[in-house]
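Peer 1: Listed below, chain by chain, are the residues.
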Amino acid sequence: MPGQSVVKVNTLCKRYGKVKSVDGISFEVYQGEIFGMVGPNGAGKTTTIECIESLRRPDAGEVEVLGLDPVKDHKQLCERIGVQLQESSLPDRLHVDEALDLFSSFYRKSINWQELLLDLGLQEKARNAYVNLSGGQKQRLFIALALVNDPEIVFFDELTTGLDPQARRTMWELVHRIRDKGKTVFLTTHFMEEAERLCDRVAIIDCGKLIALDTPENLIRDLKEGQRIIFTLQDNVDPAQFHRIKYAESVAVSSDRITISGSSDHLISEVVNFLTGNGIHFRDLRTEQPSLEDVFLKLTGHQVRN
Amino acid sequence: MKKFSKLAVTEFRLFLREPEAAFFTFIFPILMLFIFGSIYGNRQTEFFSGYGSVDASVPAYIAMIIATTGLLSISITVAMYRERGVLKRYRTTPLSSSSVMISQILVGFIMTLIGAVILIITAKLLYNLRFGGNVIDVAIAFILSSSSFFALGFLLAGIAPTARSANVIGMAIYFPNLFLSGATFPKQVFPAALDKISHFIPLRYVVEVMQGMWFGHNWSQHHRDVVILLVILVISVIISALTFRWE
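These protein sequence lines map, in sequence, to chains G and H. Number 247 in our numbering belongs to position 247 of the first sequence; there are no gaps in the numbering. Number 236 in our numbering belongs to position 236 of the second sequence; there are no gaps in the numbering.
The set of hints was computed from the structure by calculation and includes no laboratory data. Note that CB positions come from ideal geometry on N, CA and C, so glycine has one too. Please note that a few of the clues may not be correct.
In silico DSSO-like pairs for lysine-lysine, Cα to Cα no more than 30 Å straight-line [stated by the list, open to error]:
no., chain 1, residue 1, chain 2, residue 2
1, H, Lys3, G, Lys109
2, H, Lys3, G, Lys72
3, H, Lys6, G, Lys125
4, G, Lys72, G, Lys209
5, H, Lys2, G, Lys138
6, H, Lys2, G, Lys109
7, G, Lys18, G, Lys8
Per the computed footprint, the stretches of chain G lying under chain H, defined by three or more beta-carbons under 8 Å from a beta-carbon of chain H, are [what the hints assert, rightly or not]:
no., stretch
8, 83-95
9, 102-113
Chain G residues, not near chain H, derived (Cβ > 10 Å throughout) [stated by the list, open to error]:
no., residue
10, Asn10
11, Arg197
12, Ala212
13, Glu217
14, Asn218
15, Tyr247
16, Glu249
17, Val251
18, Ile280
Can you build the whole structure from these sequences, using the hints too?
Peer 2: Following this line, the structure appears as structure tokens:
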């Protein structure tokens with residue numbers, strides 16, 4: 001599955017004063033994938049991505065992007081990558097179309113920005129000043145600006161932070177469409193759900209270190225948590241009997257709510273058979289898969305948002 | 001060149017959309033002209049060595065416009081662009097820091113020039129403005145003074161940690177420059193102590209060289225002004241190049 005490697009990071013270190021913001025991180029990003037870095041705020045995600053984007057000079061370690069050195073080949077690299085920053089803005093009174101026109105002029109090669117306006121649903125806002133845009137519209141404008149030079153790699157740093165759930169979903173669709181056009185997407189997020197839904201591979205970062213790197217499916221499978229089947233009892237029955245269910249590895253009871261966990265794929269049919277076979281009335285039966293959130297919790301011992 | 005000219009045109013548009021900046025550059029000097037012109041008129045007097053009050057005020061007000069652009073407009077714009085991440089966003093493109101700086105200087109220069117031309121035309125039409133120098137000398141004095149004060153603006157933007165502090169420092173320097181340099185009140189009315197203080201006010205040298213060239217003085221009478229403005233220019237350029245930060 002891996003295409004050509006487009007980003008190579010080897011034992012990257014960056015410190016601010018005494019704090020090691022990034023402490024020996026190594027990974028590669030392959031052409032055409034959506035690569036995500038997840039971790040809590042302050043984990044070192046932005047510092048890492050900004051070293052790759054040639055905004056910061058690493059203290060130690062090597063970074064190579066599209067065969068270029070971000071420190072030495074700043075200009076050449078900027079021609080070939082698109083960047084959305086976690087914190088940036090445009091002059092208040094700059095109009096959307098003017099911003100696109102301006103940024104296209106910075107590059108040797110640029111695509112027709114009118115099409116970008118259309119693609120990102122900004123055509124009706126073309127004559128609006130930056131200051132009058134909503135959070136989601138600003139973010140879409142920054143995506144458009146990141147695409148204006150038809151880049152090979154697009155970087156999104158906390159793309160959906162501060163957006164409402166609907167705008168967040170729109171962003172996810174946009175990111176998928178960008179990848180479908182053959183571009184590599186490198187993003188950071190502190191939303192585990194976002195990483196799970198969006199990314200082909202996920203790097204989990206905590207305290208400046210890389211803790212795990214794999215596809216979301218593999219990361220979750222390696223957790224060996226299995227699935228949880230949760231239902232509510234309608235009759236007064238003894239929950240102890242549920243231990244007899246085949247493949248049930250643990251049974252948790254909280255008043256009339258029962259949670260049965262196990263790693264076998266057959267667990268669900270065994271549970272349902274047992275309940276109907278014994279005439280036990282139940283409602284609200286659902287299954288819960290472990291998520292990336294659980295992976296993070298297990299690997300670091302703390303929640304993402306503390 | 002393409003990226004630079006587009007940036008300059010964009011900055012030009014943004015300036016015109018900024019009502020406060022446009023007011024102080026284009027309108028305020030004319031209001032000053034109306035007020036003092038209606039009080040003193042423009043009769044020739046020994047007080048201004050044969051020129052009238054308006055004749056002496058116009059080059060002084062041009063000095064004021066130069067100070068407004070350099071100390072307020074440029075310094076605050078650059079500090080704000082940096083604080084709000086506009087410069088950082090530019091940094092992710094192939095745009096160079098010199099393009100950012102030169103576009104600001106160019107736009108500041110054109111705006112100052114437009115402000116000066118509006119002022120001159122108004123004074124000519126309403127108060128029969130007299131001009132005793134030659135245009136080239138005045139242009140040289142104007143370019144030197146602008147360069148010097150715009151560089152000072154970049155220096156302010158470079159050393160101010162935030163946009164707010166650039167604003168405060170800019171104002172704190174601007175107003176003494178405005179009132180103690182002869183740009184608003186002629187220094188001929190200053191008491192001796194005030195006149196001494198005004199020697200430490202950079203804008204004084206802009207006022208002197210602008211008025212001098214306007215009245216047709218010889219450059220040899222203004223060596224000191226030229227040297228001081230050049231020193232300010234060189235020091236400011238060096239410090240602002242060293243302190244330039246994208247974020």
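Peer 1: Each hint should be assessed against the structure and marked as holding or not.
Peer 2: Taking the hints in turn, this is what the structure says about them:
1. Lys3(H) x Lys109(G): Since the Cα atoms of Lys3(H) and Lys109(G) sit roughly 12 Å apart, the hinted pair holds (cutoff 30 Å).
2. Lys3(H) x Lys72(G): Roughly 22 Å between the alpha carbons, so the hint for Lys3(H) and Lys72(G) holds.
3. Lys6(H) x Lys125(G): Status holds; Cα separation ~21 Å.
4. Lys72(G) x Lys209(G): Judged against 30 Å, a Cα distance of about 25 Å means the pair holds.
5. Lys2(H) x Lys138(G): OK: Lys2(H) and Lys138(G) at ~26 Å, within 30 Å.
6. Lys2(H) x Lys109(G): 12 Å, holds
7. Lys18(G) x Lys8(G): The given pair, whose Cα atoms are some 26 Å apart, holds under the 30 Å limit.
8. 83-95: Held - the stretch 83-95 of chain G has 9 residues with a Cβ nearer than 8 Å to chain H, which meets the minimum of three.
9. 102-113: Since three or more residues must qualify, the claim that chain H covers the stretch 102-113 of chain G holds, with 6 doing so at under 8 Å.
10. Asn10: 23 Å, holds
11. Arg197: 26 Å, holds
12. Ala212: With a cut-off of 10 Å, Ala212(G) remains clear of chain H, as the shortest Cβ separation is near 29 Å.
13. Glu217: 33 Å, holds
14. Asn218: The assertion about Asn218(G) holds, with a minimum of 32 Å to chain H.
15. Tyr247: Tyr247(G) is indeed farther than 10 Å from all Cβ atoms of chain H, at 52 Å.
16. Glu249: 50 Å, holds
17. Val251: It holds; Val251(G) is separated from chain H by about 53 Å at its closest Cβ, greater than 10 Å.
18. Ile280: 60 Å, holds
Figure legend: structure checked against the earlier numbered hints; every hint is met.
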